[in-house]
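Visitor: For reference, the chains in residue letters:
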Amino acid sequence: MTAPVTHRTADEIGRTTQGPRPLPPLGEQRAAADPLTLDTVLPNGLRVLAVHRPAVPMVELRLRIPFAGEEATHSARAELLSTTVLTGTRRRGRVQVDTDLARVGGELDAVVDPERLSIGGSALVEGMDVLFDVLADVLTGATYPDDEVRRERERLVERIAVARSQPRVIAREALQRHRYGDHPFTREMPGAEEVARVTAEEVRELHARAVLPRGSVLVLVGDIDPQRAVDSVAAALHGWTADRSAVELPPLPEVPGGDLLLVHRPGAVQSQIRLSAPYVPRTDPAYPALQLANLVFGGYFSSRLVENIREDKGYTYSAQSYPEFTPGGATVLVDADTASEATAPAVLETRYEIARMTVVPPTESEVDSARRYAVGGLLTSTASQAGLASMLAALAGLGLGPEWLREHPGRLQRVTVDEVAEAALRFFTPDRWTGVLVGDADRLARPLGALGGVRLP
Amino acid sequence: MAAPQLHRFTLPNGLRVLLAPDRSAPVIAVSVHYDVGFRSEPEGRTGFAHLFEHLMFQGSESLEKLAHFRHVQGSGGSFNGSTHPDYTDYFQVLPSAALERALFLEADRMRAPRITEENLRNQVDVVKEEIRLNVLNRPYGGFPWILLPPVLYRTFANAHNGYGDFTDLEQATVEDCAAFFDTYYAPGNAVLTVAGDLDVAATTELVHRHFGDVPAREVPTRPSFAEPPPVGERRAEHVDPHAPLPALAVGYRLPDPVTELDAYLTHVVLAAVLSDGDSSRLQQRLVHRDALVTEVSAGCGLFSPLDARDPDTFTVTAIFPPAVAPDRVLTALDEELERLAGDGPDADELARVTARWVAGLHREHDRLVSRTLAFGAMELLHGRAELIGELPRRIAAVTAADVAAAAKAMRPDSRAVLTVVPQGGTE
Numbered sequence: 286m287t288a289p290v291t292h293r294t295a296d297e298i299g300r301t302t303q304g305p306r307p308l309p310p311l312g313e314q315r316a317a318a319d320p321l322t323l324d325t326v327l328p329n330g331l332r333v334l335a336v337h338r339p340a341v342p343m344v345e346l347r348l349r350i351p352f353a354g355e356e357a358t359h360s361a362r363a364e365l366l367s368t369t370v371l372t373g374t375r376r377r378g379r380v381q382v383d384t385d386l387a388r389v390g391g392e393l394d395a396v397v398d399p400e401r402l403s404i405g406g407s408a409l410v411e412g413m414d415v416l417f418d419v420l421a422d423v424l425t426g427a428t429y430p431d432d433e434v435r436r437e438r439e440r441l442v443e444r445i446a447v448a449r450s451q452p453r454v455i456a457r458e459a460l461q462r463h464r465y466g467d468h469p470f471t472r473e474m475p476g477a478e479e480v481a482r483v484t485a486e487e488v489r490e491l492h493a494r495a496v497l498p499r500g501s502v503l504v505l506v507g508d509i510d511p512q513r514a515v516d517s518v519a520a521a522l523h524g525w526t527a528d529r530s531a532v533e534l535p536p537l538p539e540v541p542g543g544d545l546l547l548v549h550r551p552g553a554v555q556s557q558i559r560l561s562a563p564y565v566p567r568t569d570p571a572y573p574a575l576q577l578a579n580l581v582f583g584g585y586f587s588s589r590l591v592e593n594i595r596e597d598k599g600y601t602y603s604a605q606s607y608p609e610f611t612p613g614g615a616t617v618l619v620d621a622d623t624a625s626e627a628t629a630p631a632v633l634e635t636r637y638e639i640a641r642m643t644v645v646p647p648t649e650s651e652v653d654s655a656r657r658y659a660v661g662g663l664l665t666s667t668a669s670q671a672g673l674a675s676m677l678a679a680l681a682g683l684g685l686g687p688e689w690l691r692e693h694p695g696r697l698q699r700v701t702v703d704e705v706a707e708a709a710l711r712f713f714t715p716d717r718w719t720g721v722l723v724g725d726a727d728r729l730a731r732p733l734g735a736l737g738g739v740r741l742p
Numbered sequence: 018m019a020a021p022q023l024h025r026f027t028l029p030n031g032l033r034v035l036l037a038p039d040r041s042a043p044v045i046a047v048s049v050h051y052d053v054g055f056r057s058e059p060e061g062r063t064g065f066a067h068l069f070e071h072l073m074f075q076g077s078e079s080l081e082k083l084a085h086f087r088h089v090q091g092s093g094g095s096f097n098g099s100t101h102p103d104y105t106d107y108f109q110v111l112p113s114a115a116l117e118r119a120l121f122l123e124a125d126r127m128r129a130p131r132i133t134e135e136n137l138r139n140q141v142d143v144v145k146e147e148i149r150l151n152v153l154n155r156p157y158g159g160f161p162w163i164l165l166p167p168v169l170y171r172t173f174a175n176a177h178n179g180y181g182d183f184t185d186l187e188q189a190t191v192e193d194c195a196a197f198f199d200t201y202y203a204p205g206n207a208v209l210t211v212a213g214d215l216d217v218a219a220t221t222e223l224v225h226r227h228f229g230d231v232p233a234r235e236v237p238t239r240p241s242f243a244e245p246p247p248v249g250e251r252r253a254e255h256v257d258p259h260a261p262l263p264a265l266a267v268g269y270r271l272p273d274p275v276t277e278l279d280a281y282l283t284h285v286v287l288a289a290v291l292s293d294g295d296s297s298r299l300q301q302r303l304v305h306r307d308a309l310v311t312e313v314s315a316g317c318g319l320f321s322p323l324d325a326r327d328p329d330t331f332t333v334t335a336i337f338p339p340a341v342a343p344d345r346v347l348t349a350l351d352e353e354l355e356r357l358a359g360d361g362p363d364a365d366e367l368a369r370v371t372a373r374w375v376a377g378l379h380r381e382h383d384r385l386v387s388r389t390l391a392f393g394a395m396e397l398l399h400g401r402a403e404l405i406g407e408l409p410r411r412i413a414a415v416t417a418a419d420v421a422a423a424a425k426a427m428r429p430d431s432r433a434v435l436t437v438v439p440q441g442g443t444e
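First to last, the sequence lines map onto chains C and R. Yeah, the first sequence ends on 742 if you go by the working numbering, and it's all consecutive. Yeah, the second sequence ends on 444 if you go by the working numbering, and it's all consecutive.
Please note: incorrect hints may appear among the correct ones.
Beta-carbon label-pair distances, calculated as ranges [what the hints assert, rightly or not]: (1) Asn97(R) / Val554(C): 21 to 27 Å; (2) Arg306(C) / Lys425(R): 56 to 62 Å; (3) Asp430(R) / Arg453(C): 37 to 43 Å; (4) Glu244(R) / Asp544(C): 52 to 58 Å.
Chain C is faced by these chain R residues, among others (derived, beta-carbon under 10 Å) [said to hold, decoys possible]: (5) Phe86; (6) Val110; (7) Ala115; (8) Asp125; (9) Arg128; (10) Glu146; (11) Thr200; (12) Asp293; (13) Gly294; (14) Ser296; (15) Ile336; (16) Thr371.
Hints were generated in silico from the structure; no laboratory data involved. No experiment lies behind these values; they were computed from the predicted model shown. Ideal Cβ placement from N, Cα and C applies to all residues, glycine included.
Construct the complete structure from the given sequences, taking the supplied hints into account.
Guide: Structure (structure tokens):
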């Protein structure tokens, strides 16, 4: 590299005559305003949460419909439903749906997973009634035109091929099978051949049977008058009715601890480490303490795991440990991607950090840092309309309301260091953990075999 | 969008400061944009600007390694940095009680970062893992931002891989870092932006207190990266060992975003008319009517619009089944451009694009961190953060004739076409 004519050395750059300076203290924290919120259930059984948050002249919309199915064909039909639900109604064709939304700066999007169908979107607040009208049109009048279903089915097969070539998708599917076998919860993406067999009539039948208001939740956040927004959406959706409730996924079996499974991906230059253990839901009395224990372990950048395998050893770009809330329970997941040659060492260090949580419990300073991060993170992540809407929708899906959000900082403040140590001891015991490793087994089998606790292909 | 009142001043050491108060939530964001990106890295040191960004998190005179992360997160905040063609940004968003702490952290590394051999070697390893994750071990890695520039551009600055080759990264030295910092990270080469729950007078005082004694250094003359547009159509192929389906990226040159802003914004509108939503031209034609492609997208900038100086790139990308010949996609694209060149978009198409753009800006800027970064980038690249507030009006002023003329100028005889040959799909 051609250096400029003169520059200081790194040593000179890193020093001043004054020397190191003290870190300024934190100031007084102002509390967030408690926004005007309406939490109500419409006559059709749909729960509606509407929040006045006027920062920008927009309205954010999140609709979550429980959408579970036990049949083997459910996932393919549900996936095709979500990609075609916006492609035609009794009043609008596919292009008209998009045109009407675009005129009010609006968007709507539908995605499905083993638990629910989620329709989300936004619009300029002056176009709120158009957004509601399109939503109602889709919910009560989606027609699934034959030619649209045929075309989206072709595209879906192609998109599934692209998705399944992603290492993170390969690893996720392997982990789900390893944790839950063939449980419907594992069917996150249907097989291409299953999709190819789905007919438009089957999708229409599924819509009529499963796109139901009772048990579903609609969240509206924005520059809205909550009462007027609720009245308006209630009027728009008055034709969306059913006696039955939307179908929830049954509770999952607890994930048993055990050996890690090595999954062969020929020619991979990097491996996916995916570990998991049982966790507790947000409503559990142990949740706040466990949340802090998990942050200390690997839940944020300043955690033991990241400081070890990234900042000390350079084995990975990112490592993280995070909860996944499942029907009736929760698990914790640990993700890290590492070069083939660093995989076995990274597994060793990750196991070491898991075990260390139990015998070297989080210190007071570790707990305080995690606590401030957890409280601050709630504040910053819900400071935008979209962030608040998504958070409220996720909570509502677990049966929780805005009061949980309001009260959680207090719960975190009350957690003691001893309670965090107790949670770490209970949940980070090594034999509670299991997981998968995806990578080039030709390079990984020997070192992982030597390490032990890994089932080789 | 009604932009908040902006306050700006310049410290005696040359640091430009922008304050954007908004008391609606008790949250603040602090960012520093340095006027150097990966276009400025020298030959033999590809990826150096990004590697150096990592090193700026590794400690400074008052902060041990790991302390920066711990102080931001331990104050309830989050942080990141990113390297772009023409600038590098660093930012954090925190509860407003941590405002002074965030200023202290940014000032300390602007004044005296601690660059050591051990941290350099550690971060070379981390960056290599980042490149494996985002490029080498996945399908369509670096498509099109790494793969298209070497086809469209001829000079090293514009054509090279900003993530870097492993051999170049491994050869980086502490000495290189010292030279890079002293050359490009002078306070006079940076913009500090503070937005959110702040008092202007008190924050001004804090900025002076923490940044005032960062010594002034000479600011390098910014080179021009201009090069002539391509003559003819340049083509290249890239074999992707993981991709299951073929893809192509078409690159065109854009008007200078700084000196020809309205012409540039015309292309922003053109991109939306082409590919934004089911009612757009390419979605209707390529995805649905002709059923040629799985996905198609058009846009300004390799990352996002208004993110770079001249030269900048207009891209069209598509993923399609193996049975479709790439030239059929290109022919259909050219026909749609020709149709737009002849008739222009209709009034309703333009109104829809404007409405979606206004809404998109509102949503983006409702996230404090996005708004802060947009202000900082506009101030750095254009000298006027106020442009953010003016964009909806200027987008709305784009006419059908403007879009038609822009479409007409997107000729096959001055563009780059990159084809991705898939060799994956057996996994």
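Visitor: Does each hint fit the structure? Answer for all of them.
Guide: Now for the hints, and whether the structure bears them out:
no. : hint                              : result
1   : Asn97(R) / Val554(C): 21 to 27 Å  : holds, 25 Å
2   : Arg306(C) / Lys425(R): 56 to 62 Å : holds, 59 Å
3   : Asp430(R) / Arg453(C): 37 to 43 Å : holds, 41 Å
4   : Glu244(R) / Asp544(C): 52 to 58 Å : holds, 57 Å
5   : Phe86                             : holds, 5 Å
6   : Val110                            : holds, 5 Å
7   : Ala115                            : holds, 6 Å
8   : Asp125                            : holds, 7 Å
9   : Arg128                            : holds, 6 Å
10  : Glu146                            : holds, 4 Å
11  : Thr200                            : holds, 5 Å
12  : Asp293                            : holds, 8 Å
13  : Gly294                            : holds, 5 Å
14  : Ser296                            : holds, 4 Å
15  : Ile336                            : holds, 7 Å
16  : Thr371                            : holds, 9 Å
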